[in-house]
Every structure is written in C-alpha cells, then in structure tokens.
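If you want the building blocks of each chain, they are given just below.
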Amino acid sequence: MILEVQNLSKAFGGLMAIKQVDFTVDEGQIAGLIGPNGAGKTTLFNLIIGLLKPDTGKITFDGKDITGLAPHRICQSGIARTFQLTRSFMHMTALQNVMVGWVYGGGEASSMKQARVESERILEFTGLGGKYLSAAAMLGLVDRKRLEVARALATKPKLLLLDEMMAGLNPTEMEDAMQLVKRVNESGVTVIVVEHVMKAVLGLSKRVIVISTGEKIAEGTPQEVVRNKQVIEAYLGEEQYSLD
Amino acid sequence: MVKNWKKLALGGVIVLVALVPLMTQRTDFLTWFTLILLYITLSQSWNIIGGYAGQINLGHVAFFGVGYLAARYLWLFGVPLPLALLAGAVAAPLLALIVGAPVFRLRGVYFIIGTLVFAEILKHIAWTAIPIASVLPAEYLTAYSLVPRYYLSLIVAILAVAVVYVISKSKLGLGMMAVREDEDAARTSGVSILKCKLSAFIISTALAGLAGGVFAYYATGAYAGSVFEPIWTFDSVLIVFVGGAGTVIGPIIGSVFFVLLQQLLAVYLPGGFHLVVFGVMFILVVLYLPGGMVELMGKRRR
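Line by line, the protein sequences give chains F and L. Take 1 as the starting number for the first sequence in our numbering and just add one per residue. Take 1001 as the starting number for the second sequence in our numbering and just add one per residue.
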C-alpha cells in the first residue's frame, strides 16, 4: 500500500472534524472518497498534504512517516493535490503555473529550459496545448481545472489527490475529465478522488471509502458500498445506483 | 528578427543615456537624469519584494537609509568609494536577515504595519542619534561634479534592472510569483514560502542599500534622519504600481514620469504637488488598470 492513514483525528476548537479515521490505498489504484457535505473529505486531504497538522494519528506514505511534515516537503516526497475551487496562479501564464510545479516539485533539479519543454508536454497531456501563454485568469473553469491537474502532475507525484474535479462540469466535460483521470492513473500515478458525482466515483474507483461527520462509515468495492445500509442512510438516499 | 531589434534598441538607449553628460553641461538636466536613475534603482528594488513576491513592505526606506549611513560615513572617513558602496549594499541585507524571520511571521495587514513601524523607529533613532547634518568637507565641495554621480547612478540602475530581469526568468522568480498569487497552492506545489520571501527580501534590500550608497555619494548635505523618511518608500511604491508591478519595464517608465513630473511641477506649483498627481494615478491604476502603464502600452498595441 502506498498510503496508510492510522487513527487520524483533528478537532477545530470543540468540533471533531476527523475522528479516528483509518484507511489504506494501494499503489496504482484509483480510490474514491465520498460522503455528505461537511463530512471532512477536504479536511482529510488537507491533513494528508500537510496544510493541517493532525491532533493524533499517523500518516505513512511510500514507507515514510509524513505526519506533521511541511506541505512543500510532502509535495517533494510525491503527493500532489488539486483544490475544489481552483487555485491557479491567476496572474501567471498556464506555462508558468505548470513550471512552478516542475521546478519546485519532486524529482531531480532541471534547467529552466528543460522545465519549459516538460511543462509544455504536460499541458498537451491535459488538453491545454495551444494555451501555454494564456494568463490563468483568462482561462475558463474547465481549462483551469485542467491546469490544476497539469501543475500537480508537474511535481512528479506518486499519489494525486483530486478534490471534486467534476463540480460544475456538463456530461461531456465530465466524460473528458474521467478519461484524463484514467490516463493519469495509467501513467503510473495512484489517485484518490473526492467526488459527489456518483457516476464518476463508481466509474473510476476500484475501492471506495465513505466518510460521514468525520468518521469512516464504510469501505469496499463500489458495488459493496452502494448497497451498504449505513451509507444509503447517511448519504445516498434510497435509490439504487446503477454501475454502468 | 524581433528579438535582435529589441536588444539593439536597448543597447542604443543605454549608449545614448551614457553619452548625456558629454552632450550637456546643464546641471538641471544632469540632476534630473541622476535622480531618475536613482529612482529606477530604488523602485526596482521594491519591485522585487512588492511587485514579484507580493509582500507589501512599507519599511523599504530603512534599508535605503542604512545603506546611505554605512556608505556615507565610511567614504567620508577615507574608505575608497567602491568599498563604501559595497558596505552599504551588505549592511542593508544584514539588517533584513535580523528583521526578516520575525517580521515574516506577521500575516497580511499586520506585516504591512509591522514593516512601516520598524522603519519609523529607525527614523526616530536616526534623527535623535545624528541630529547634525552631514555636509561634504570643503575639499569635496569645491571638487564636486555631477558627472561621476551620474555615471554611478547609471551603472547601479543598469545593475538593478539586470537583477530584476534575471529574477523574472529564474526559478526564484517563479517561486516568488507563486507566493504572491496563492501561498497554499504554492506550498502544495513544493515551494518553500519562507525561503522565497527571505530571498526576495535580501536581494531587494541589498539593492536598496546600494541606492542609499549612490545617494550618499550624490548628496552635498543631508540630515541622517531625512534618508529614513517614509516618503522614499511611498515614492517607490507609487512608481512601481503606476509603472507596472511585477514587470521589468514598469518601474523604469514610472521613474521617468515621476521625476519629470516632480521637477516640472515644482516650477509651477507648490512643492510636493507631484505627489497629488501620482496619488491620483495610483488610485486610478488600482481601480481600473492594475497592470499599470505597462498594461496600458500593451492594450494600445492590440
């Protein structure tokens, strides 16, 4: 397993945002993380990436204890993250956005020239070819989401945390996004997807973890999870989810 | 083709500017140019921390002042000018290192106020500790010529612009801009926020200290406190924003406009009126033209 979260807890004042959460993710997988709004999914991502420090618990990544490390060190160790509301570097070009990831992320140092070449390649891979020199502020939502993924990929991650990538996308865009996630995974990156759009989660994930009010309430294959009574009560409602 | 044309034009401008003292003896022209070049250096130095790294350091004058004091007193004491200038360019970032780590712990408005307060404290110390104006000794005054001051200001200005240019194309520049745009997104992309801020701060203050040294050589007489007056900071900030923050050319354009306006308006209107004009321009830039004059030029081209 590439990521192991053990007994993780985080409180904000009196509020337990994450309560003794355990789970693992195997290398090469696409894992889904689902749950109602406010369940703590983004908080969990922030804890893994180091933007928040856990109160208790341990996070082990690729055999290394990364609990409490600074976010830039965790990034350099191989975990990258996209944000729910895209956080591109607005007054920089798409190319510059991605180059930040390449020069500061994991892997060996490279020259600026090489960084530029590689960043252009990654922009092509995420479907932004031809928009290298556009300021991020000029890009539409869909392209900014691609840019988030491109910048994250530029840090050469072994694990990519995607936070609600499908939000605001129409069905065609969602299909494209799912294809992109699959291509990323096929290139060797383990992915954890936080999603509300069930079709996307179930279509992409081999394994699903369900969080509700800070606690893990279920874990298993998509098939198992959609039939779990607790999950249905807390989150899915009474409908039966088709897996095609 | 286009790139060569630009380089040629740049070379041409530098040669022309270098030839000015040979073409005119007028002290007003030479003074204007020397001041423009000084402001280019001072504003470019602020551009690094404020324009590229996005840290609104309102205590910038403290580093200009420290550079001035170090260079002035060493030079008047007999130390060769280049060494005195170097001392100024080193003293300022040393101060920055001492102040930097604690002051960068402050967030947002508190950082801005903190830097301003720090500079004000140094100003009060300077006025109190060195109440007597430093005037050039008689031999220096009779031998005083604007020409070497002009050339020193020119060389330092070229250096400042070169530094900003190199930063803008470098890894550090990318990191600084990322810090400016979104700190958390920068962190999760592998950027060490503190390292970038401190690097920007040190380079910025070194250039400010060097500018102080240039002024130390230029000024026939000055009160120590006067080189710590916040107006130097605000002039730099205005120039950077009106010219175009986070660009290489912005502060150059801004400095030219600023000094010309300052000198020309002083003839017709009460002293300091240029600040009203620039203040209004600043507000207009913030509201309607965040890219400054550089953006305006870009729009015209399109």
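Check before you lean on any hint, since a few could be wrong.
In the BS3-like style, the derived pairs of lysine-lysine whose C-alpha atoms are separated by at most 25 Å in a straight line are [to be verified]:
| hint | chain 1 | residue 1 | chain 2 | residue 2 |
| --- | --- | --- | --- | --- |
| 1 | L | Lys-1007 | F | Lys-156 |
| 2 | F | Lys-53 | F | Lys-158 |
| 3 | F | Lys-113 | L | Lys-1007 |
| 4 | L | Lys-1171 | F | Lys-131 |
| 5 | L | Lys-1195 | F | Lys-156 |
| 6 | L | Lys-1006 | F | Lys-113 |
| 7 | L | Lys-1169 | F | Lys-199 |
| 8 | F | Lys-156 | L | Lys-1006 |
| 9 | F | Lys-113 | L | Lys-1195 |
| 10 | F | Lys-113 | L | Lys-1171 |
| 11 | F | Lys-131 | L | Lys-1195 |
| 12 | L | Lys-1007 | F | Lys-53 |
| 13 | F | Lys-158 | L | Lys-1171 |
These are computed hints drawn from the structure, not numbers from a lab.
**Request:** Mind checking the alpha carbons of L:Lys-1195 and F:Lys-156 for me, to see if they're no more than 25 Å apart?
**Result:** Roughly 21 Å separates the two Cα atoms, so the pair holds.
**Message:** Just to be careful, I want the Cα atoms of F:Lys-156 and L:Lys-1006 compared with a cutoff of 25 Å; is the pair within it?
**Reply:** 37 Å, violated
**Asked** Between F:Lys-113 and L:Lys-1195, does the CA-CA distance stay at or below 25 Å?
**Response** 23 Å, holds
**Message:** Run the distance test for L:Lys-1171 versus F:Lys-131: straight-line Cα separation, threshold 25 Å.
**Reply:** 21 Å, holds
**Message:** Would the hint linking F:Lys-53 and F:Lys-158 be met if the CA-CA limit is 25 Å?
**Reply:** Status holds; Cα separation ~21 Å.
**Message:** Between the alpha carbons of F:Lys-131 and L:Lys-1195, is the straight-line distance 25 Å or under?
**Reply:** With Cα atoms ~30 Å apart, F:Lys-131 and L:Lys-1195 exceed 25 Å; violated.
**Prompt:** Keeping to a limit of 25 Å between CA atoms, is the pair of L:Lys-1006 and F:Lys-113 held or broken?
**Reply:** Holds - the C-alpha atoms of F:Lys-113 and L:Lys-1006 are around 21 Å apart, at most 25 Å.
**Request:** Measure nothing beyond the straight line between the CA atoms of L:Lys-1007 and F:Lys-156; if it is 25 Å or shorter, mark the hint as holding.
**Result:** It is violated: about 37 Å lies between the C-alpha atoms, which goes past 25 Å.
**Message:** Holds or violated: F:Lys-113 and L:Lys-1007, Cα atoms, limit 25 Å.
**Reply:** 21 Å, holds
**Asked** Between L:Lys-1169 and F:Lys-199, does the CA-CA distance stay at or below 25 Å?
**Response** Violated, at about 44 Å.
**Request:** Could you grab the alpha-carbon distance between F:Lys-158 and L:Lys-1171 and see if it respects the 25 Å cut-off?
**Result:** 23 Å, holds
**Message:** Holds or violated: F:Lys-113 and L:Lys-1171, Cα atoms, limit 25 Å.
**Reply:** 11 Å, holds
When the structure is compared with the earlier hints, violations turn up for hints 1, 7, 8, 11, 12 and for no others.
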